[in-house]
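> Listed here are the chains, written in short residue letters.
Protein chains: 6
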Amino acid sequence: MVEKFSHIDESRNVHMVDVTFKQDSERIAVAHAKVKMKKETLQAILQDKIAKGNVLTTAKVAAIMAAKKTSDLIPMCHNINLTHVDVNFSFDEEQNFIEIKSTVKCVGKTGAEMEALTAAAIAALTIYDMCKAIDKTMEICEIYLLEKSGGKSGEYRREDNR
Amino acid sequence: MVEKFSHIDESRNVHMVDVTFKQDSERIAVAHAKVKMKKETLQAILQDKIAKGNVLTTAKVAAIMAAKKTSDLIPMCHNINLTHVDVNFSFDEEQNFIEIKSTVKCVGKTGAEMEALTAAAIAALTIYDMCKAIDKTMEICEIYLLEKSGGKSGEYRREDNR
Amino acid sequence: MVEKFSHIDESRNVHMVDVTFKQDSERIAVAHAKVKMKKETLQAILQDKIAKGNVLTTAKVAAIMAAKKTSDLIPMCHNINLTHVDVNFSFDEEQNFIEIKSTVKCVGKTGAEMEALTAAAIAALTIYDMCKAIDKTMEICEIYLLEKSGGKSGEYRREDNR
Amino acid sequence: MVEKFSHIDESRNVHMVDVTFKQDSERIAVAHAKVKMKKETLQAILQDKIAKGNVLTTAKVAAIMAAKKTSDLIPMCHNINLTHVDVNFSFDEEQNFIEIKSTVKCVGKTGAEMEALTAAAIAALTIYDMCKAIDKTMEICEIYLLEKSGGKSGEYRREDNR
Amino acid sequence: MVEKFSHIDESRNVHMVDVTFKQDSERIAVAHAKVKMKKETLQAILQDKIAKGNVLTTAKVAAIMAAKKTSDLIPMCHNINLTHVDVNFSFDEEQNFIEIKSTVKCVGKTGAEMEALTAAAIAALTIYDMCKAIDKTMEICEIYLLEKSGGKSGEYRREDNR
Amino acid sequence: MVEKFSHIDESRNVHMVDVTFKQDSERIAVAHAKVKMKKETLQAILQDKIAKGNVLTTAKVAAIMAAKKTSDLIPMCHNINLTHVDVNFSFDEEQNFIEIKSTVKCVGKTGAEMEALTAAAIAALTIYDMCKAIDKTMEICEIYLLEKSGGKSGEYRREDNR
Chain Z
1 MVEKFSHIDE
11 SRNVHMVDVT
21 FKQDSERIAV
31 AHAKVKMKKE
41 TLQAILQDKI
51 AKGNVLTTAK
61 VAAIMAAKKT
71 SDLIPMCHNI
81 NLTHVDVNFS
91 FDEEQNFIEI
101 KSTVKCVGKT
111 GAEMEALTAA
121 AIAALTIYDM
131 CKAIDKTMEI
141 CEIYLLEKSG
151 GKSGEYRRED
161 NR
Chain G
1 MVEKFSHIDE
11 SRNVHMVDVT
21 FKQDSERIAV
31 AHAKVKMKKE
41 TLQAILQDKI
51 AKGNVLTTAK
61 VAAIMAAKKT
71 SDLIPMCHNI
81 NLTHVDVNFS
91 FDEEQNFIEI
101 KSTVKCVGKT
111 GAEMEALTAA
121 AIAALTIYDM
131 CKAIDKTMEI
141 CEIYLLEKSG
151 GKSGEYRRED
161 NR
Chain U
1 MVEKFSHIDE
11 SRNVHMVDVT
21 FKQDSERIAV
31 AHAKVKMKKE
41 TLQAILQDKI
51 AKGNVLTTAK
61 VAAIMAAKKT
71 SDLIPMCHNI
81 NLTHVDVNFS
91 FDEEQNFIEI
101 KSTVKCVGKT
111 GAEMEALTAA
121 AIAALTIYDM
131 CKAIDKTMEI
141 CEIYLLEKSG
151 GKSGEYRRED
161 NR
Chain W
1 MVEKFSHIDE
11 SRNVHMVDVT
21 FKQDSERIAV
31 AHAKVKMKKE
41 TLQAILQDKI
51 AKGNVLTTAK
61 VAAIMAAKKT
71 SDLIPMCHNI
81 NLTHVDVNFS
91 FDEEQNFIEI
101 KSTVKCVGKT
111 GAEMEALTAA
121 AIAALTIYDM
131 CKAIDKTMEI
141 CEIYLLEKSG
151 GKSGEYRRED
161 NR
Chain X
1 MVEKFSHIDE
11 SRNVHMVDVT
21 FKQDSERIAV
31 AHAKVKMKKE
41 TLQAILQDKI
51 AKGNVLTTAK
61 VAAIMAAKKT
71 SDLIPMCHNI
81 NLTHVDVNFS
91 FDEEQNFIEI
101 KSTVKCVGKT
111 GAEMEALTAA
121 AIAALTIYDM
131 CKAIDKTMEI
141 CEIYLLEKSG
151 GKSGEYRRED
161 NR
Chain P
1 MVEKFSHIDE
11 SRNVHMVDVT
21 FKQDSERIAV
31 AHAKVKMKKE
41 TLQAILQDKI
51 AKGNVLTTAK
61 VAAIMAAKKT
71 SDLIPMCHNI
81 NLTHVDVNFS
91 FDEEQNFIEI
101 KSTVKCVGKT
111 GAEMEALTAA
121 AIAALTIYDM
131 CKAIDKTMEI
141 CEIYLLEKSG
151 GKSGEYRRED
161 NR
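Protein chains in written order, with full-length UniProt numbering: chain Z, 1 to 162; chain G, 1 to 162; chain U, 1 to 162; chain W, 1 to 162; chain X, 1 to 162; chain P, 1 to 162.
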């Protein structure tokens with residue numbers, strides 16, 4: 001094979017990590033996201049008055065489907081088989097936000113952090129989409145990993161973040 | 001985490017079933033579908049006279065490809081690795097229909113029923129698409145599970161349905 | 001270019017129809033599907049007691065998403081931009097079935113029949129998936145085109161089909 | 001058609017908005033996101049020392065590809081043809097964050113807000129993925145629409161948000 | 001917005017070309033590919049003796065489907081609506097190769113060169129896949145653009161390449 | 001089941017090979033491709049002067065993402081979980097070509113040859129896309145399997161092909 005590296009190839013480091021010899025293990029990842037909105041927007045969601053329809057179920061279905069295609073979105077992410085995805089919403093009617101918590105499990109050689117984070121982000125974006133006709137100022141924030149377990153790097157739990 | 005559930009969240013039940021602790025096992029699912037059509041349409045298919053081309057091979061390729069993306073279509077369906085997909089057609093030239101039988105196998109924590117049903121449905125829809133220029137009255141029916149084996153719920157065989 | 005056709009190429013007819021010189025027009029297609037089930041299954045859906053969660057909203061979201069990827073499922077189907085997708089359910093508590101009606105619109109060179117039929121089929125398959133833990137005997141049937149308008153072939157309306 | 005609505009169908013509102021009769025117009029949407037990280041993490045990115053490789057180009061490619069599949073992620077989002085996607089990064093080495101600005105254009109019946117927001121979110125998630133081996137505490141925040149133009153609702157510009 | 005570019009951002013040039021103000025026009029692109037193989041392999045294909053089944057129809061369906069998802073494969077490629085895709089095969093039984101010619105048409109702001117090239121490449125890869133059990137030495141070569149028309153850059157025709 | 005095969009079904013052989021009872025094993029496949037171009041084109045790539053941006057990193061990201069969706073492109077290909085993907089480029093400034101070498105690993109019942117070949121082909125097509133504005137004569141060639149190991153058929157190494 002010709003190998004005349006007279007030039008540095010700027011792509012040389014990019015690669016999908018080799019996990020061939022990693023052990024399969026049960027893995028859980030939990031991620032968090034928040035959608036801040038106007039008082040009227042949150043009330044419209046809670047009273048199911050958004051013209052596009054049932055906001056939260058749509059967001060949840062979108063999040064679960066997105067978790068399954070994470071490796072198609074995040075370039076260096078391994079494609080893995082998920083064994084469980086769930087997404088929950090809670091509401092703060094004083095500060096007017098929806099809090100999203102996504103849980104993803106798998107049994108495999110790599111963790112499910114990106115799947116959990118992607119599910120949370122897509123749930124948030126779907127809420128935005130369903131409500132943007134009445135509120136373009138919504139803001140998605142605090143997307144982070146809450147905890148993970150399984151795998152060689154073991155347990156991680158985000159420190160007191162509130 | 002803020003948890004002020006002053007409102008019922010109508011999405012609260014939707015989730016992908018947790019199969020993390022299920023055992024891997026060999027699984028087979030066989031599904032059925034039927035496409036009813038005009039006499040001329042069936043004859044045109046059998047004599048390979050449809051303008052769009054080879055109807056049955058196209059339908060079969062479509063069905064096999066669809067089986068592989070079932071989890072991208074059916075929201076709560078787990079993404080699994082299939083070990084075999086096959087689709088067969090038989091013809092009734094008296095009652096003018098094509099019968100579709102799809103077989104899907106996998107080794108995993110969940111069954112392949114939805115994959116077999118999706119393959120059968122997409123084969124039927126592809127036949128419709130290839131022939132719709134000459135027959136808009138075609139009807140797809142009798143999509144059901146013929147049998148499954150493997151997994152905790154064990155064997156299932158549809159009772160005498162003919 | 002070498003062109004020694006000593007053999008018949010059995011694939012020679014398969015192709016995506018050339019619509020380059022067709023006019024853009026507003027098009028509507030309406031499709032139908034039915035899911036027959038046990039009495040208990042329909043009642044569990046209507047009372048929102050299915051363990052996997054909200055069956056109908058999940059089926060509807062799945063159907064709308066599937067309509068958008070019809071051309072990725074049906075090989076010879078053109079990829080088009082949809083301008084509207086809606087799916088409605090009605091229930092027959094005597095004969096125990098759910099009836100699905102999907103409406104798809106676009107402005108383009110080809111109709112949206114396959115999109116409407118695919119949406120109806122995927123809605124039906126999603127209902128099957130959500131309920132299969134309690135009822136494996138469900139049957140999907142009567143998938144057909146109810147009506148279409150727009151395009152050169154003009155109006156089509158299924159004749160008295162009941 | 002049978003229409004015995006003895007029960008409320010909780011999915012009845014969910015639908016993709018009908019834009020059939022909207023005019024095509026040139027549309028631009030600009031979205032924003034931020035990834036907060038440890039000082040070491042930002043320095044490793046800027047000095048191209050992340051083991052997985054070139055973080056920013058990978059994030060940008062991911063963002064552009066994600067913009068094109070937004071309608072496959074956000075259920076009620078129309079599938080549209082994009083005419084331009086670009087993503088830019090800027091760095092704050094004092095507060096240790098990367099700022100993402102995505103611009104999406106199209107000529108069509110609906111805006112590109114969701115495409116711009118999705119591009120920004122996926123760029124941020126890709127940065128997270130590339131760096132998570134050295135920093136699990138990264139946080140994605142301030143995902144919002146900066147501005148949009150085109151379409152019936154006209155101009156929108158986020159008010160002085162800093 | 002913070003803009004402290006103390007570092008060069010190596011991703012700064014990557015973007016999808018802005019075609020917002022380009023005119024729609026009818027465009028055609030024709031691409032070429034060749035698969036070289038053992039004599040026995042070509043004969044097995046022509047006599048339909050490959051265990052995996054009908055090689056050429058499967059390759060053609062794969063190619064047509066791939067053309068439609070080119071923008072999902074080639075990062076900076078615009079997503080466009082195709083109006084026609086066709087793929088033809090010819091055989092050279094002396095030099096033992098299959099020649100592939102793919103034609104793609106669209107009406108839009110960008111050409112369909114990448115779609116035609118992707119169709120040709122995927123047809124070739126599918127032939128490889130179907131036959132690899134009997135011949136691992138197959139080689140795909142001569143993938144190039146034969147001609148294109150439409151758009152501002154006008155006609156292109158590959159010069160006498162044989 | 002009705003089985004009146006009065007006609008030969010031309011699709012009868014097409015199927016995805018049954019690997020249900022194959023053993024999982026570690027598998028590696030390495031593929032090769034080459035892109036021939038004008039001297040100016042190669043120099044523009046090496047000096048990072050292509051208007052669309054960083055050619056090689058974009059090609060590499062595209063290749064890695066394509067490897068993961070091989071089973072969505074090649075109809076009879078099994079969907080498998082990859083454990084590693086890498087792509088390297090080398091340059092020949094005398095004969096003016098880029099050589100691509102892709103390596104794919106998995107632990108499973110089927111090999112990763114098609115994934116490696118698809119990665120190489122998509123890397124080549126992406127290089128074409130990024131440079132086609134300045135050079136339409138580029139040609140992709142020499143796509144073949146360099147080596148594979150693992151699985152029942154064991155080792156394969158292409159014989160001295162240069």
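Hints in this document: simulated from the structure, not taken from any laboratory.
Be a bit skeptical, because a hint or two may be false.
Each pair may be met inside one copy or between any two copies, as identical chains are not told apart.
Lysine-lysine pairs mimicking DSS-like chemistry, simulated, CA-CA at most 25 Å apart [what the hints assert, rightly or not]:
| no. | residue 1 | residue 2 |
| --- | --- | --- |
| 1 | Lys-101 | Lys-38 |
| 2 | Lys-38 | Lys-22 |
| 3 | Lys-22 | Lys-136 |
| 4 | Lys-52 | Lys-101 |
| 5 | Lys-152 | Lys-49 |
| 6 | Lys-39 | Lys-22 |
| 7 | Lys-36 | Lys-22 |
| 8 | Lys-52 | Lys-136 |
| 9 | Lys-52 | Lys-36 |
| 10 | Lys-52 | Lys-152 |
| 11 | Lys-101 | Lys-39 |
| 12 | Lys-36 | Lys-101 |
| 13 | Lys-49 | Lys-101 |
> All hints are to be evaluated individually against the structure, with a verdict given for each.
Right, here's what the structure says about each hint:
In the homo-oligomer, the alpha carbons of Lys-101 and Lys-38 lie at most 25 Å apart both inside one protomer (21 Å) and across protomers (23 Å), since each shortest distance falls under that limit. When the C-alpha separation of Lys-38 and Lys-22 is checked against a cutoff of 25 Å, the pair qualifies neither within a copy, at 47 Å, nor between copies, at 28 Å. Within a single copy, Lys-22 and Lys-136 get their C-alpha atoms only as close as 45 Å, which misses the 25 Å cut-off; across copies the closest is 20 Å, which meets it. Proximity of Lys-52 to Lys-101 under the C-alpha cut-off of 25 Å is found in both arrangements, the shortest distances being 23 Å within a copy and 18 Å between copies.
In this homomeric assembly, Lys-152 and Lys-49 come within 25 Å of each other (Cα to Cα) only across copies, at 23 Å, whereas the closest approach inside a single copy is 47 Å. When the C-alpha separation of Lys-39 and Lys-22 is checked against a cutoff of 25 Å, the pair qualifies neither within a copy, at 48 Å, nor between copies, at 30 Å. When the C-alpha separation of Lys-36 and Lys-22 is checked against a cutoff of 25 Å, the pair qualifies neither within a copy, at 40 Å, nor between copies, at 30 Å. Taking the shortest Cα distances, Lys-52 and Lys-136 sit within 25 Å of each other inside one copy (15 Å), while across copies they are farther apart (32 Å).
In this homomeric assembly, Lys-52 and Lys-36 come within 25 Å of each other (Cα to Cα) only inside a single copy, at 19 Å, whereas the closest approach across copies is 29 Å. Only between protomers do Lys-52 and Lys-152 lie at most 25 Å apart by alpha-carbon distance; the minimum there is 18 Å, versus 44 Å within a single protomer. For the homomeric pair Lys-101 and Lys-39, the shortest alpha-carbon distance inside one copy (21 Å) is at most 25 Å, but the shortest distance between copies (27 Å) is not. Within a single copy, Lys-36 and Lys-101 get their C-alpha atoms as close as 15 Å, and across copies as close as 20 Å, so both meet the 25 Å cut-off.
In this homomeric assembly, Lys-49 and Lys-101 come within 25 Å of each other (Cα to Cα) both inside a single copy, at 23 Å, and across copies, at 23 Å.
Of the hints listed earlier, those the structure fails to meet are numbers 2, 6, 7, in rising order.
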